[in-house]
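Student: Sequence:
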Amino acid sequence: MTIPATPVMRQYREAKEKHPDGILLFRLGDFYEIFFDDAKVAAPIMGVQLTSRPLGKTGRAPMCGVPHHAWQSYVGKLLRAGHKVVICDQVEPASKNKIVRRDVTRVLTPGTVVEEAYLEPSRPNYLVAAWTKGLEAGLAACEVSTGELLLCQLPKDRLQPELERLAPAELLTPPDVEEYRFDPVRGGQRLKDMLGIAFAASVGAADAPMAVGAAGVVLDYLKQNQTRIAPGSLTVRTYSPEATMPLDSATVRNLELPALVALIDRTSNPVGARQLRSWLGAPLRDAESIQLRLAAVDELVGAPGVRDRLRETLKPVGDLERLVSRAAQGHSSARELVALRHSLEAIPAVQEALAVCSALVTRELAGEVSAAPALADLLARALVDDPPTSPRDGVVRHGFDADLDAILDASKGARDWIAKLESAERRRSGIRSLKVGFNKVFGYYIAGDTAGARRGGRECFARAAHERAGDRHDGRAPEPRPGGGRAPLAPARGQRRARAEHHRRPSPAGRERPAGGRIRGERPRSRSRGSSDRDPHGAQHGGEVDLPAAGGSHRPARPVRKLRPRGERRRRAGRPHLHARWRARRHQRRHVDFHGRDDRDRVHPQPRHARLAGDLR
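To convert, count from 1 in the sequence shown and add 4; that's this note's numbering.
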């Protein structure tokens with residue numbers, strides 16, 4: 005379908021050309037809109053209505069949309085369905101003078117997401133690249149949420165069981181990926197650029213060239229999808245499938261391993277849950293390794309005090325692997341950073357609990373655990389202990405940054421001033437629902453409902469009318485005048501006095517109130533005829549004039565008749581002479597006697613009267 009060449013649609017086309025295989029969420033105002041074929045695919049998955057909008061002069065474009073503040077839940081549905089999602093957002097503040105610039109800010113795929121909402125805590129989320137050549141196969145599995153890259157070169161017939169064990173969220177294989185991109189030399193260069201060292205000897209990848217080629221494909225895919233991997237945050241490790249027993253899907257199902265994991269899983273955090281699942285899914289084959297692991301288990305089972313203390317110290321530790329990875333990629337929220345701080349502060353206690361253990365495996369684990377006191381101290385000084393969900397509500401601790409404190413104090417002072425103004429205006433006007441606020445459309449405003457304004461008196465209406473008049477005449481709001489809050493009422497009082505003088509209304513000040521009674525109200529009367537004083541709004545200056553028949557009763561002039569379509573209902577004219585209140589409102593309408601032709605029979609009144617007199621004789 006041809007996309008029209010409007011400025012916004014040009015931006016959409018440019019973003020779509022960069023990622024033609026993804027569902028593009030395009031930011032328009034407060035919504036992310038999805039157009040054309042993407043909308044047809046995404047609407048039923050997200051559970052939203054598929055609509056359309058005009059396209060050119062004759063066509064219509066399918067579309068659907070989701071609110072920008074709730075896009076994560078809808079994107080999660082698309083990712084679970086296996087789709088790639090492209091977020092095109094506004095990258096500059098909106099302006100009235102030009103089209104706001106938009107660009108692709110995030111690319112989300114099932115294998116590259118790191119947000120907790122899209123992941124299962126107890127399961128790894130692997131992005132896997134695999135290829136075969138002859139009788140060998142190369143495999144690279146990257147867990148982006150933990151920063152782990154596994155390399156494995158294995159016989160071709162072992163590839164399928166290994167893929168079933170890893171259960172990748174996303175798989176990259178030829179022909180979806182060009183085979184030249186699996187070149188080992190090319191992959192080695194990508195890994196060197198990432199790690200900054202001659203990695204082959206350090207990670208033992210010299211004997212796994214096909215796995216290195218697959219790793220290059222994984223790193224290219226991450227770069228293409230704007231996934232940031234900070235240097236030093238990626239842990240590369242090689243493993244041999246010969247060290248573990250292969251379990252295909254039928255064996256896992258017959259042994260009911262998922263049920264076994266659910267039964268014995270009493271781990272303290274998600275890191276332990278994933279490790280337990282990995283151990284049970286790949287049983288060891290080497291007898292010595294099995295004995296070392298069993299010795300560590302026997303030691304903790306035989307020392308319940310040590311085991312209970314270790315479990316207690318591990319409780320504050322969260323999903324440390326994923327917390328660190330999200331922080332390195334710049335996707336952490338304030339609450340996740342506070343959880344990272346609590347985890348780092350608990351590490352010294354974990355080291356003390358492990359120090360009393362004598363098993364070789366346990367001592368090796370204690371050596372791998374390292375605290376980061378400087379980072380924990382920085383997070384403690386920078387962030388409040390219980391940060392709110394939104395960063396706008398304040399997540400930085402007071403005293404961490406002097407410039408930020410000055411800005412926040414000024415902002416808090418402005419909010420306090422607005423709150424005091426609102427309270428004062430409520431007391432003065434008597435309107436309980438009155439509010440003083442700010443939005444992007446009107447700026448600062450004072451608002452209240454109509455019922456409250458009526459209770460508050462005429463001043464509310466007079467203020468609004470005066471401001472509208474000022475905006476209409478010169479485009480500027482009325483400036484404050486001496487006299488306080490009632491200054492805007494002066495023009496309204498002057499206009500009322502002018503109208504009262506023109507219509508010669510009696511002033512109520514000169515009448516006495518009867519004892520225990522009320523002053524009788526009088527209807528406004530029109531001016532007497534023949535006055536030399538002209539009303540600038542009167543009939544002779546463009547108002548209505550009635551031309552009654554000479555000698556006949558007053559009645560309004562008939563309107564000029566117009567042709568009506570056949571079958572149109574004729575509207576009956578009102579009878580204003582029966583409604584005194586209606587006549588009182590229209591005080592500028594005056595009756596004028598005009599001696600001339602009679603509109604009833606279109607003859608001069610004098611011959612008509614003479615003819616009638618002759619008939620009577």
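Careful: at least some of the hints might be erroneous.
Unchecked claim - Simulated DEER-style distance windows between Cβ atoms: (1) SER337 with ALA406: 23 to 29 Å; (2) ARG84 with ASP269: 19 to 25 Å; (3) HIS73 with ALA414: 24 to 30 Å; (4) ALA263 with ALA406: 54 to 60 Å.
Said to hold, decoys possible - In silico lysine-lysine, DSS-like type, Cα no more than 30 Å apart, as pairs: (5) LYS20 with LYS227; (6) LYS416 with LYS439; (7) LYS20 with LYS88; (8) LYS20 with LYS61; (9) LYS137 with LYS88; (10) LYS100 with LYS61.
Think of the hints as simulated: they come from the structure by calculation, not from any bench. All residues carry an ideal CB built from backbone N, CA and C; glycine is no exception.
Student: It remains to establish, for every hint, whether it holds in the given structure.
Tutor: To see whether the hints hold, each was checked on the structure:
1. SER337 with ALA406: 23 to 29 Å: 25 Å Cβ-Cβ, so the 23 to 29 Å window holds.
2. ARG84 with ASP269: 19 to 25 Å: 23 Å, holds
3. HIS73 with ALA414: 24 to 30 Å: 27 Å, holds
4. ALA263 with ALA406: 54 to 60 Å: 58 Å, holds
5. LYS20 with LYS227: The hint holds at about 18 Å.
6. LYS416 with LYS439: Given that 30 Å is the threshold and the Cα spacing comes to 18 Å, the pair holds.
7. LYS20 with LYS88: Given that 30 Å is the threshold and the Cα spacing comes to 12 Å, the pair holds.
8. LYS20 with LYS61: 23 Å, holds
9. LYS137 with LYS88: 29 Å, holds
10. LYS100 with LYS61: At roughly 26 Å apart (the allowed maximum being 30 Å), LYS61 and LYS100 satisfy the hint.
Against the hints set out earlier in the document, no violation occurs for any number.
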